[in-house]
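*Asks:* Here is what each chain is made of, one letter per residue.
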Amino acid sequence: MMDGLLIGIGLFAGGVLAGAAGMVLLRRKQRKDASGWAGDSLLDDETLMLVARATNDALWDLDLRTNELHWSEQLSHNFGYEEGDLRTVLDWWTVRVHPEDREHAEGTLNEAIAAGRANWSAEYRFLRADGSYADVIDRGHTMYDAAGRAVRMIGAMIDVTPLREAERALHRKEQQFVTLVENAPDVIARFDRDLRHLYVNKAVERATGIPAEDFIGKTNRELGMPRELVDRWEAAMRNVFETEAKQEIEFEFDGPEGQLHMMALAVPERNERGEVTSALSIVRDITEFHRAQEASRKSEERYRTLFESNPHPMWVFDVETLKFLAVNEAAVRKYGYTREEFSSMTIKDIRPLEDVPELANDVEMLEQNPHDLDVWRHRLKDGTLIDVEITSNRITFEDRPAALVLAHDVTERLRAERALRESEQRFATFMNNNPAVAWIKDADGCYAYVNPTLCCEYQVSEEEVIGHTDHELLPERVADVLRANDETVIASGEPIETIEAISNPDGTDHIWLIYKFPIENSRGETLVGGLGLDITEQKQNEQALREYAEALERSNRDLEQFAYVASHDLQEPLRMVSSYTSMLAKRYKGQLDADADEFIEYAVGGATRMQRLIQDLLSYSRIGSHGIEITATDADEALDTAIQNISETINEHGATVQRQPLPRVKADHGQLVQLFQNLLTNSIKFRGDTPPCVQVFAEQRDNDWVISVRDNGVGIDPEYQEQIFVIFRRLHSREKYAGTGIGLALCKRIVERHGGRIWVESAAGRGSTFRFTIPAAEEISP
Amino acid sequence: MKHAPNTTRSIEILLIEDNPGDVRLTREVLSEGKILNQLHVAIDGVQGLDYLYRREHFHEAPRPDLVLLDLNLPRKDGFEVLAAIKEDNDLKSIPVVVLTSSSADRDVLNSYELHANCYITKPVDLDQFIEVIRSIEHFWLTIVHLPTQ
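Chains as they are written, first to last, in my numbering: chain C, 1 to 782; chain U, 1 to 149.
Worth flagging that the hints you see were computed from the coordinates, not collected in a lab.
Worth double-checking, as some hints may not be accurate.
Pairs of lysine-lysine residues, derived as DSSO-like cross-links and limited to a Cα-Cα distance of at most 27 Å, are as follows [unchecked claim]: (1) K589(C) - K92(U); (2) K76(U) - K92(U); (3) K586(C) - K34(U).
Calculated Cβ distances over 12 Å to all of chain U for the following chain C residues [unchecked claim]: (4) Y81; (5) R96; (6) L570.
Keep in mind that this is a model prediction, so the values were computed, not measured.
Glycine included, every Cβ here is placed at the ideal spot set by N, Cα and C.
Take these sequences, add in the hints, and give me the full structure.
*Replies:* Printed below as a string of structure tokens:
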């Protein structure tokens, strides 16, 4: 545009000059004035002067024959010269042409003249009065005489300094832009409406590996760029043209140096009429940025995950306001508050009230030792108190001084530690006060633990035992046995119980009940624990007791055998006495004197009593010597048999037996019959004046039955109620009530052999009730 | 006796008993009985068997119709004698009444296992003893038909 303008002016000036020259030549006028205008010059023409003023060009007139040179007034005006500075010679001009341009200016001028050309034009720098140079365009028209000699030259020098300055500035600026664009790391390209490259900078070569000039006039599609990318690219570019607004796209691109992440900005470019004729795209390689951003995002995500998914409660609180700034999921779960609740809470709110005053102190401590672990108490929303180990770090969170806290719930651990301590104390107390000696030996048989009882018992200190083996402490024979026992425990993994004779340091022999058991330690080794009880005394007592029991049993057996044999063998001579006294009485009664008869009578009576005594004694001893067979027995049937057996006695006394149904019991049938028989006989024998009446009935008591035999007989004074069950004990004279004194003793023996008890409830003259207990045959349901 | 088919001859009874008191008592009771009988006595087991096998000075002894056997005997006890009799084809047809002072169940059982014909405990009381002997007399010598020789 600027070039066009300059050209226009030049043409216009040339036309003017041509026209003007014609006029000057036609109207020659001589004028000489103080301004120094050369006479006989075109420049004296007034009209021409006015034209010069209008164009502000410095007109000149050079006489080529004389080298006389005249200037219009614009020269001094335009270049700052005073009138006195001017000389009307060509040299004046020549020396004022910039030395670097002089050759060009003079050369072209001379050349034009020599070549016979009418017009000359040159651009050069012209010295101003102030010493600076102006950019000028100088044009001249040469006139020739008839002989073809150049005689005169008329021209105009135009000051184009502002124009050239502007041009230079523009060029400089353009140059700067070009440098910038050419050297920009971004790929910069211009596209026409057909999306063909109009321009592309050097950066494209690095990105694509294709020389920049190959792009010009081609679309990306024609350049064989990846189809998918081209589709996106062209869509974006068309958008620029259609919407006339900038577009941004990001894309991945496989360049020669690997995959690149690119961001493209495309903007519309308008012509002077404001129409969008092209689009400029700037494509920036943001691979690094993207990678960094991705890394940063991942890192943040990682830390967020670390925070969020941490199994331990974590939070961030503002160190000044103590407000929670962030909490993780574990904190929400553990403490029971929602995130919303946390966001309006301070860390005071998770402390038990009584611990809050300490908080300031604790936070200060945290400032001083930020990595210290400390156990604090926290209160959950439901009021539960927990012990937490706190790890805290100062951080900056959203530009606030904050602390990142990790809380580790150690309630269980502390509880376990306390429990362990308690357990250890209990163990120590238990062991220290244990009457048993206790120890633990390792797998090699070295003592690892002994309790004070052991030390006391063997009069040794703990140090003398720990780390030593039985072989170092005890006689070899004993140590061999103990070691073998240990090995049995280790091999079998089962506890064993042994009885060992070990001498005490004082030389006395002691019997020990030793209980050994395996203890697995944390390294998987089997230790042997032991407990020893000194049972010397028990053993002695036991032995004595056993001997006593054996002696007693032997004695009892002997006694029973004796009673049996005695009563049995007594039968023989008794039969002789009884038979022959009876024979005597039978054959000689009344044949001897009265004394003889009486003597015989006593002898027969004695023999008869003795006979009964022996019979009863035999029964009594049989209860003990014969085995009893206890089965479910119907007491009613036993009573039937008993009544039948003594029917003669019942009839003889006119007695009545009233009975209620009796239960089934666990008893030896024969003995139960005998029991009833003896009790009934007893009741009838000790009758009062009224006919005997005996009642038999049963009541249940727990799993036993209590069977009662009640009579209306003479009764028994409470004083004698115990004695009646003692063998041979009689309360009445033989004359009054016959009997051997064995009957009730026999009853007692029978009841006791059935695991029961017999007693009598009575008062003299008011009858007696004999009661005995006997186990029920079946469990009695209540 | 009108009921007895064999009253025409004297019944031979062998009593093997070491107690002279019992021997006398038995003899007394039998002598007062209604059956004509001859009581032979052996005072121990060996003598009892000698009698039955007619050894020593018993070679003239008559074969007994009934044996009354005590169990508690010197030298050879009653069980040995009983076993010998019941194992001998010649003697086993002679009824053996075990008459003893023992009432032990074991003795009773043993006797029957050795094929005793009956077991009776000697009563202490004289009247009952007389009753027992009378019963033996009545049952074995009157009611029961004994084998003839």
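*Asks:* Taken at face value, is the distance from the CA of K34(U) to the CA of K586(C) at most 27 Å?
*Replies:* Measuring from Cα to Cα gives roughly 19 Å; hence the hint holds.
*Asks:* Would you mind confirming whether the straight-line C-alpha gap from K76(U) to K92(U) stays at or under 27 Å?
*Replies:* 18 Å, holds
*Asks:* Against chain U, does L570(C) keep a CB gap of more than 12 Å to every residue?
*Replies:* 10 Å, violated
*Asks:* Starting from K589(C), check that the Cα of K92(U) is at most 27 Å away, please.
*Replies:* At roughly 44 Å apart (the allowed maximum being 27 Å), K92(U) and K589(C) break the hint.
*Asks:* If I take the minimum Cβ distance from Y81(C) to any residue of chain U, is it greater than 12 Å?
*Replies:* 182 Å, holds
*Asks:* Going by Cβ atoms, does R96(C) stay more than 12 Å from chain U at every point?
*Replies:* 179 Å, holds
Violated hints for the displayed structure, listed by number in ascending order: 1 and 6.
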